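S.K.: One-letter residues, chain by chain:
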Amino acid sequence: MTAALTLTDLAVHYPARNGLPVRAVDGVSLHVAPGETLGLVGESGCGKSTIARAVVGLQAATRGSVVVDGTEIVGADRQTLHRARARMQMVFQDPATSLNPRMTVGEAVGEPLLVRSLVRGGALREQVGMLLAEVGLPPEHAARYPHQFSGGQRQRIVIARALALRPALLVCDEPVSALDVSVRAQILNLLVTLQRSHAMATLFVSHDLAVVRHVCDRIAVMYLGRLVELAPRDALFAAPRHPYTRALLLAVPEPDPVRQRAKPRVLLVGEIPSPAYPPPGCRFHTRCPMARPVCAIEEPAWRQAGESGVACHFADEVSPSSHYQSEASAP
Amino acid sequence: MTRSFTGPALEVEDLVLSIGGAPVVDGIGFAVQPGEVLALVGESGCGKSLTAQAAIRLLPGAVERQRGRILLDGDDLYAMRERDVRRLRGRRISMIFQEPQAALDPLSTVGAQVAEATGLRGRAARDAVLAMLTEVGISDPARRIAQYPFELSGGMAQRVMIATALIARPAILIADEPTTALDVTIQAQILQLLRRLAAERGTAILLITHDMGVVADIADRVAVMYAGRIAETGRVDRVFAAPAHPYTALLLAALPRLTDVPKSELAVIAGQVPLPQHFSPACRFADRCPLVGERCRAERPPLADRGDGQLSACWHADHVGSIAA
Chain U
31 MTAALTLTDL AVHYPARNGL PVRAVDGVSL HVAPGETLGL VGESGCGKST
81 IARAVVGLQA ATRGSVVVDG TEIVGADRQT LHRARARMQM VFQDPATSLN
131 PRMTVGEAVG EPLLVRSLVR GGALREQVGM LLAEVGLPPE HAARYPHQFS
181 GGQRQRIVIA RALALRPALL VCDEPVSALD VSVRAQILNL LVTLQRSHAM
231 ATLFVSHDLA VVRHVCDRIA VMYLGRLVEL APRDALFAAP RHPYTRALLL
281 AVPEPDPVRQ RAKPRVLLVG EIPSPAYPPP GCRFHTRCPM ARPVCAIEEP
331 AWRQAGESGV ACHFADEVSP SSHYQSEASA P
Chain G
6 MTRSFTGPAL EVEDLVLSIG GAPVVDGIGF AVQPGEVLAL VGESGCGKSL
56 TAQAAIRLLP GAVERQRGRI LLDGDDLYAM RERDVRRLRG RRISMIFQEP
106 QAALDPLSTV GAQVAEATGL RGRAARDAVL AMLTEVGISD PARRIAQYPF
156 ELSGGMAQRV MIATALIARP AILIADEPTT ALDVTIQAQI LQLLRRLAAE
206 RGTAILLITH DMGVVADIAD RVAVMYAGRI AETGRVDRVF AAPAHPYTAL
256 LLAALPRLTD VPKSELAVIA GQVPLPQHFS PACRFADRCP LVGERCRAER
306 PPLADRGDGQ LSACWHADHV GSIAA
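Listed in order, the protein sequences are those of chains U and G. Residue 175 in this note's numbering sits at position 145 of the first sequence, with consecutive numbering throughout. Residue 265 in this note's numbering sits at position 260 of the second sequence, with consecutive numbering throughout.
If you're looking for bench data, these hints aren't it; they were derived computationally from the structure. Please read these numbers as outputs of a predicted model, since none were measured by experiment. Each residue gets a CB set at the ideal place from its N, CA and C atoms; glycine is no exception. Do not rely on the hints blindly, as some may be mistaken.
Examples of chain U residues toward chain G, derived with CB under 7 Å [as the list claims (entries may be wrong)]: (1) E73; (2) V211; (3) Q216; (4) L218; (5) N219; (6) V222; (7) H244; (8) P287; (9) L297; (10) L298.
Start from the sequences, fold in the hints, and give me the full structure.
M.R.: Structural data, given as structure tokens:
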């Protein structure tokens, strides 16, 4: 079966007015299988949102290939891109700015169908009603405008619109980050339900590791434009192979004072370097608690370690006993 | 400053704030002791940030203080002249914000901003600033003092803001979502810094946040706010282990955790937070509450003692345990 999404050596460089280009994404390869949800995590500037935008064709790739459901997106002509876009849809962080305030909800959700002349009239209304019902909104809300809804309801509307064309790939960029806890839970429950009912592949971009763990099957961790680790969910959380993954997991403040205060503190020193001037060798070596001389010189090759893919010279030495297996106690 | 007053560093008594007549903050009270971190937690619109702004007497024009006292080391902030309050800010009470870049003066160097609250000049000011920057973990402070805010990363700017806020050794620091705009590895650094400053300097910290993980990490006590009122308050370990208000219990159950079963159904809270003009005089959570009874719609539940410093404003506090299961 062909993958819903395949990235091969994808690079996106933004030109800078003076100095070197910003290498936001710098050689990323991965795939998302049909029906699978792949999480893409990392801190600001790691390139995760740039990948999402390159996948849906909102951002031109500098190098490499993006294949969605069998169609190459990089360098595709308008017609090919138009056809391919029917196979992929995007959900953004802020539902308020994703909806046209002058369009009713019914017009917004029905637009993808109308644009592609798939249905019209009564059949269109009926289909819009079904889509709204699918995301938990009463069909009669089709006549209302976006401002009449709360943030969580607006995100449901955006998701209904994304589902309209039954895409092979859904790209979600921080879909719950702007929502309050109680509303976030509703949207996460909805996304999990839709995963089951639609068997649609999803690329799920988020900075929130607890959210990513909740909805994703596999997880890719990025740092400064590069993948550092890609592993099945349980393997990543039980035995992170990259020192950055491990530090990231330990940095998540957990809503449990007993666990949180018993954690070993692996504080990363320093700040994330600029993607315009990534450090030589391993890009993480300037903040890595395990760095050795070779890390500053030689970029680590991508290799398999158990179920995980990892880019670290010393992946075998990263303590696999993450906090999520053993209840390690603080010093 | 040597402290002769032995009571709480900050005390808020029966605070009522309104916007256009609607009581957006309705009878909030709490106290923060020296060296203690009290977290005010809640979702958007619960009134936590307005409460913080009232505590430093910086309320937006549209907000009216109906009643309530703010006591700073025992002194009533709203009984003072505006001129005296201004002198107090940055010296006895300080505040840091979510967006450090927006709170710093873009035209003033790091050194000048941090020195401002000291009233010192020249060599003495420089020495004090260098010591303070070192204390908040800024490396190479001698170079940093000559820089402008645009040259700082988010984490570095937040450290500068913390240095500015604490250099005059205020009794209380109000931190309004201090790490919300930061990445998680930088957030961990800043939270550890705040925890250390509270412990070492005895600074009382009022922490405003929406993040239960941040509360679990650094707060000693927590007050959970809902629709302008405190739903529950108590020691963090108690409230998280055995919430005594249905809202707290549901909020905790709605969070995806690193220990739960992936893709399992998360608890949801039915409906939405009511608008302030529709706030009920009885229990404001009644319409969304799984334990709702007749009394909840008729009578406002008082914050009642549950033992060991835990208070809950719920008529059915004894049955909250059945929700979390």
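S.K.: Now tell me if each hint is right for this structure.
M.R.: Evaluated hints:
1. The closest approach between the C-beta of U/E73 and any C-beta of chain G is roughly 4 Å, which is under the 7 Å cut-off, so the hint is satisfied.
2. Taken as an interface hint, U/V211 checks out: its beta carbon lies about 5 Å from the nearest beta carbon of chain G, inside 7 Å.
3. Satisfaction of the interface hint for U/Q216 is found here, the shortest Cβ-Cβ separation to chain G being roughly 5 Å, below the 7 Å cut-off.
4. Restraint check, U/L218 versus chain G: the minimum CB separation of about 6 Å is within 7 Å; hint holds.
5. Taking 7 Å as the C-beta contact cut-off toward chain G, the hint placing U/N219 at the interface holds, the least distance being around 6 Å.
6. Hint status for U/V222: holds, given a least beta-carbon distance of 5 Å to chain G, under 7 Å.
7. A hinted interface residue such as U/H244 counts as satisfied when its beta carbon comes closer than 7 Å to some beta carbon of chain G; here the least separation is about 4 Å, so the hint holds.
8. Contact between U/P287 and chain G, as hinted, is supported at the beta carbon level, the nearest pair being about 4 Å apart and thus within 7 Å.
9. About 6 Å separates the beta-carbon of U/L297 from the nearest beta-carbon of chain G, less than 7 Å, and the hint is met.
10. Interface hint at U/L298: satisfied, since its Cβ lies 5 Å from the closest Cβ of chain G, which is below the 7 Å cut-off.
Hint violations for this structure: none, all hints satisfied.
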